[in-house]
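Student: The primary structure of each chain is shown beneath.
Number of protein chains: 2
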Amino acid sequence: MSANAGDPTSEHHSVSGPEQLTMPPLQLPPNLKFGPFSVTSQVFHISNTKLSYGLVNLKPLLPGHILICPVRCVPRLSQLTVAETTDLFNTVRIISRTLERVYSAGALNVAVQDGVDAGQSVPHVHVHVIPRKKGDYDHRGGGDQIYDAMDGEEGNVGRAFLEIQQQRRGRVNHRKEFSAGPDSDRKPRSEEEMQKEAFWLRSEVEKDYVEES
Amino acid sequence: MSANAGDPTSEHHSVSGPEQLTMPPLQLPPNLKFGPFSVTSQVFHISNTKLSYGLVNLKPLLPGHILICPVRCVPRLSQLTVAETTDLFNTVRIISRTLERVYSAGALNVAVQDGVDAGQSVPHVHVHVIPRKKGDYDHRGGGDQIYDAMDGEEGNVGRAFLEIQQQRRGRVNHRKEFSAGPDSDRKPRSEEEMQKEAFWLRSEVEKDYVEES
Numbered sequence: 001m002s003a004n005a006g007d008p009t010s011e012h013h014s015v016s017g018p019e020q021l022t023m024p025p026l027q028l029p030p031n032l033k034f035g036p037f038s039v040t041s042q043v044f045h046i047s048n049t050k051l052s053y054g055l056v057n058l059k060p061l062l063p064g065h066i067l068i069c070p071v072r073c074v075p076r077l078s079q080l081t082v083a084e085t086t087d088l089f090n091t092v093r094i095i096s097r098t099l100e101r102v103y104s105a106g107a108l109n110v111a112v113q114d115g116v117d118a119g120q121s122v123p124h125v126h127v128h129v130i131p132r133k134k135g136d137y138d139h140r141g142g143g144d145q146i147y148d149a150m151d152g153e154e155g156n157v158g159r160a161f162l163e164i165q166q167q168r169r170g171r172v173n174h175r176k177e178f179s180a181g182p183d184s185d186r187k188p189r190s191e192e193e194m195q196k197e198a199f200w201l202r203s204e205v206e207k208d209y210v211e212e213s
Numbered sequence: 214m215s216a217n218a219g220d221p222t223s224e225h226h227s228v229s230g231p232e233q234l235t236m237p238p239l240q241l242p243p244n245l246k247f248g249p250f251s252v253t254s255q256v257f258h259i260s261n262t263k264l265s266y267g268l269v270n271l272k273p274l275l276p277g278h279i280l281i282c283p284v285r286c287v288p289r290l291s292q293l294t295v296a297e298t299t300d301l302f303n304t305v306r307i308i309s310r311t312l313e314r315v316y317s318a319g320a321l322n323v324a325v326q327d328g329v330d331a332g333q334s335v336p337h338v339h340v341h342v343i344p345r346k347k348g349d350y351d352h353r354g355g356g357d358q359i360y361d362a363m364d365g366e367e368g369n370v371g372r373a374f375l376e377i378q379q380q381r382r383g384r385v386n387h388r389k390e391f392s393a394g395p396d397s398d399r400k401p402r403s404e405e406e407m408q409k410e411a412f413w414l415r416s417e418v419e420k421d422y423v424e425e426s
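Residue numbers (my numbering), protein chains in the order written: chain C, 1 to 213; chain L, 214 to 426.
These are computed hints drawn from the structure, not numbers from a lab. None of the values given here were measured: they were computed from a predicted structure. Misleading hints may appear alongside valid ones.
[Stated by the list, open to error] Among chain C residues calculated to face chain L with C-beta under 7 Å, some are:
| # | residue |
| --- | --- |
| 1 | L77 |
| 2 | T85 |
| 3 | T86 |
| 4 | R97 |
| 5 | R132 |
Cβ coordinates follow ideal geometry from the N, Cα and C atoms, glycine included.
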């Protein structure tokens, strides 16, 4: 990841501002999960209706690659209610503005792998939102390679979450299979790092977030 | 494309049923366009609110690859109103059920290239919906290659529409650049073929379509 004024991983940016000391915890629904996984520390947004939430990624394909999910765990878009669909994609729209601003992006990829045969790895609807800028993926063979990465091993959201779950349980420090292959240069992030990004993103979203009628 | 019971391009399926003789034309908003392009003959659905419409593709990457768009022409998701976003993605959800049924699919890719740097080729928001089944893209190198195709030359929606516009004006029969390269096996479809598919899809959607509160 290149240094970026709005990127909390940048050396030039500190997230230890006054907000971090004073912001109350997000009021999340009890037992909020992403598929079978506990994700509380990664959640940076819960919609006003409490029907949708946003979480930062264990292994973002590009800086700012986040997921927006319905709170209710169902695998397919067709299983969502009108209210859930409405809230999910209006949340995507609202969050996308903030993402684009804070990651200095000029575009976004928005994608749902709706079912296993479309590449879905966690049976819980999730909308990938990936900030894009010109030439941002040239080092990996060009802009369209982002989708290969999303559908391939390195974008396997399910495996990434399984890994951090195992880390939490102290079973492994770093699974061997993650230290080889095309993903070897992208170490999974620590919980602390994700929590920092989640906190920072939350404060940035709250600057933009105006309830719309 | 493999023959499919629900595929109008299949030799075993006729779209010249009684519906085709009796269904009135869709009540489309005046001057409905997709970016700069006239697409009336390709439109198979207009939502009850008249805020969103669906159109069949000139060059579907897989059978049933369609686009859902807001009627109002804006390039970015962030420019849509709450009502437009709500209608757009609830239309995606409703149409996706029909697509999955009639193309005997088990999953769907849903994707928005939101801005030029994310691969957008027509400056009018459009949601790609692509029915997927196990192994359907193995002949092209595996399931995730669908995204390469979407972002590459063969998925260039803008160029495809430009081509048919030129065909309509009688300027060219078949542009040279389309007869070479990875897309050479996918000839652009005739207007008659698209119109047939649009009509057939419309009748199938209307079987499923129940206004939801």
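Student: Which hints from the list above does the structure break, by number from lowest to highest?
Tutor: none
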